[in-house]
Amino acid sequence: MARSNVIQERKEKAEILKQLYEQKFKPALQRREDLRKDASSLENFVTLGFILFISSGIAVVYLKPENPPIFIIVMDLVLMLFMGWVSNIILIRRAKYSDFFNAKILKPVVTLVDDTWKFEPEAHVALHHYIKSNLLGLEYINIQGGYLLKGYIGKTDFECSTLTNTYHQDKKTVTIFNGLFFHADFHKHFKHRTYVICNYENTNKAKNIIFSSSIAGDLVQMENPEFNRHFKVYSTNPQEARYIITPKMMEGMIGVTKAYRNLEVHFSFYGSRVYCAIHHSKADLFEAPIYDSLSYRDLYAMYSFLYLNKVIVEELDLNTRIWTKE
Amino acid sequence: MEPINIIGVIAIASIIFLIAFIGLYNHLIRQRNQVQNALGGVDVQLKKRYDLIPNLVALVKQYMQHEQGLLQQLTMLRSQVTTPQLKNSEKNTLNEVLSESIGKVLVSVENYPQLKASQSFVQLQRSLNEAEAQISAARRTYNASVTEYNNAIQTFPNNILAKMMGLSSKEVFRTTTSAERQNIHIQRLF
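Line by line, the protein sequences give chains A and B.
Start counting the first sequence at 1; every next residue gets the next number (the working numbering).
Start counting the second sequence at 1001; every next residue gets the next number (the working numbering).
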């Protein structure tokens, strides 16, 4: 499949997605609207209960600190138990809505993109792949993820899932990485490490990834000025870096970054596999929306991210297997 | 200013100048060595390609009865290009002609479906593609090293020291044969 065909295919299938949305998804979402509204309105209820709880506590402290009225203490206890019970109901309703959304909305969209792929909403890419990529910070304190996709695109096996890597510092949660993580079989053998990192200086993008250039090897200057504006290359073997990152590959990487505008894209090459981390500020890219009904725009954004896997494989031309690696 | 202070200032300035001189000298030497290293890298990859040519000739000659002239040319080029006394420019030109000849052989294989389908030929073709990809990477590395070296010896104040050391600009690798520079017209190949 030629390079531009993937983008063309994405546009064509978007027409089918639109029809699916109007004819299947909207009615299905309407039928389960009660679940979604229950989950969001009960949350409002819990918020109100929490406000009452705090207010009564403040009132006791200021009005009668020596002899707090018994009935207020009893009321607060009952309120706590009640809120606990309601919170449990919210979790159950959310889980049900999420299961429905994954099975009836997301799964058909994945099938539309490629019906051979496996989709596991509760699973994520295995930790050892994150560690091997060396893209996501040197500390793996709290890794969470989901919406695992795996399968083949032509001759290339791949996996992709959402990923969040956080740690706690001074009672705050610091996010090291949040976005999509992809890895696939590369079409050449190589032994050393090469990184292609978003060029923060030239693209005005905020640095959302922790990357230690001191262990990444030497900075390798490439010949394509546009590529150098978007990326910086580091490698423990500059000749191998040029073996991997051919002029055609540079064009492909520019193509990926243009297809997903304003997103930080980073690549890593190790052990004959390519790893790609795409940072996104949204907490959960594929989560069922609770506070609003799903719009076509939100659905298209999810569909577009599911297509990322094909875009990467085709832009990097990973299915061309004319060298010693089959 | 007291004489002792003047001597002190001159001594410190001399030390700083000496450190800078040593730093620049070492930097230029490192750049020159890097170019030599990169050139060695190209030769290593070219050697791997040379080693594949006898296998290619042996495999195709039993099928390609009408291309004996082309195969003889290929064998002759291989022995010429491995001559030790060749200058770099002559070696580059011969390697380019060798690349063209290998290309012609591989295109001619299209006329021999049995050969094209044979597993041995497919594997050999992959090995040749691999060799070409590695040669291309090595040449790009060499060009990057030469560019860095040329920048180092031509910019001020390095150019003063470079002239004293007898260092001169080097040429990047570029195609010398006109055939490779032309856009390939597919029809002309068949």
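What the hints contain is simulated information worked out from the structure, not anything from laboratory work.
Glycine included, every Cβ here is placed at the ideal spot set by N, Cα and C.
Among the clues, some could well be false.
[What the hints assert, rightly or not] Ranges of calculated distance between the beta carbons of each label pair, as one might list FRET restraints:
#: 1; chain 1: A; residue 1: Glu15; chain 2: B; residue 2: Gly1069; range: 29 to 39 Å
#: 2; chain 1: A; residue 1: Lys191; chain 2: B; residue 2: Asp1043; range: 12 to 22 Å
#: 3; chain 1: A; residue 1: Tyr167; chain 2: B; residue 2: Thr1155; range: 21 to 31 Å
#: 4; chain 1: A; residue 1: Lys248; chain 2: B; residue 2: Glu1090; range: 42 to 52 Å
[Claimed, not checked] As a list, the in silico DSBU-like pairs of lysine-lysine whose alpha-carbon atoms are at most 35 Å apart:
#: 5; chain 1: B; residue 1: Lys1048; chain 2: A; residue 2: Lys132
#: 6; chain 1: A; residue 1: Lys325; chain 2: B; residue 2: Lys1163
#: 7; chain 1: A; residue 1: Lys24; chain 2: A; residue 2: Lys258
#: 8; chain 1: A; residue 1: Lys248; chain 2: B; residue 2: Lys1163
#: 9; chain 1: B; residue 1: Lys1087; chain 2: A; residue 2: Lys155
#: 10; chain 1: A; residue 1: Lys132; chain 2: A; residue 2: Lys26
#: 11; chain 1: B; residue 1: Lys1087; chain 2: A; residue 2: Lys191
#: 12; chain 1: A; residue 1: Lys132; chain 2: B; residue 2: Lys1091
#: 13; chain 1: A; residue 1: Lys26; chain 2: A; residue 2: Lys191
[As the list claims (entries may be wrong)] Output of the computed footprint for chain A on chain B, the stretches with three or more beta carbons under 8 Å from beta carbons of chain A:
#: 14; region: 1123-1129
#: 15; region: 1132-1140
To see whether the hints hold, each was checked on the structure:
For the pair Glu15(A) and Gly1069(B), the supplied restraint of 29 to 39 Å is violated, since their beta-carbon distance comes to about 57 Å. Evaluation of the 12 to 22 Å hint for Lys191(A) and Asp1043(B) yields a pass: the beta carbon distance comes to about 20 Å. For the hinted restraint 21 to 31 Å between Tyr167(A) and Thr1155(B), the CB-CB distance of approximately 45 Å leaves it violated. For the hinted restraint 42 to 52 Å between Lys248(A) and Glu1090(B), the CB-CB distance of approximately 31 Å leaves it violated.
For the proposed pair Lys1048(B) and Lys132(A), the alpha carbon gap of about 31 Å is at most 35 Å, so the pair holds. The straight-line distance between the Cα atoms of Lys325(A) and Lys1163(B) is roughly 48 Å, outside the 35 Å bound, and the hint therefore fails. Restraint check: the Cα-Cα separation between Lys24(A) and Lys258(A) comes to about 32 Å, which is no more than 35 Å; the hinted pair holds. In summary, the hint linking Lys248(A) to Lys1163(B) is not supported, as the alpha carbons are separated by about 39 Å, beyond the 35 Å threshold.
Note on Lys1087(B) and Lys155(A): the hinted pairing is violated, with a Cα-Cα distance of about 44 Å set against a maximum of 35 Å. Pair hint Lys132(A) plus Lys26(A) does not hold up; C-alpha atoms about 41 Å apart against a cutoff of 35 Å. For the suggested pair Lys1087(B) and Lys191(A), the alpha carbons sit about 33 Å apart, so the restraint of at most 35 Å is met. A distance of roughly 41 Å separates the Cα atoms of Lys132(A) and Lys1091(B); the hinted pair therefore is violated under the 35 Å criterion.
The hinted pair formed by Lys26(A) and Lys191(A) fails the criterion: a straight-line CA distance of about 50 Å is larger than 35 Å. Counting residues of the region 1123-1129 of chain B whose beta-carbon sits less than 8 Å from any beta-carbon of chain A gives 4, enough to reach three: the coverage restraint holds. By the rule of at least three residues with a Cβ nearer than 8 Å to a Cβ of chain A, the coverage given for the region 1132-1140 of chain B holds, with 6 such residues.
Violated hints, listed in ascending order, are 1, 3, 4, 6, 8, 9, 10, 12 and 13; each of the other numbered hints is respected by the structure.
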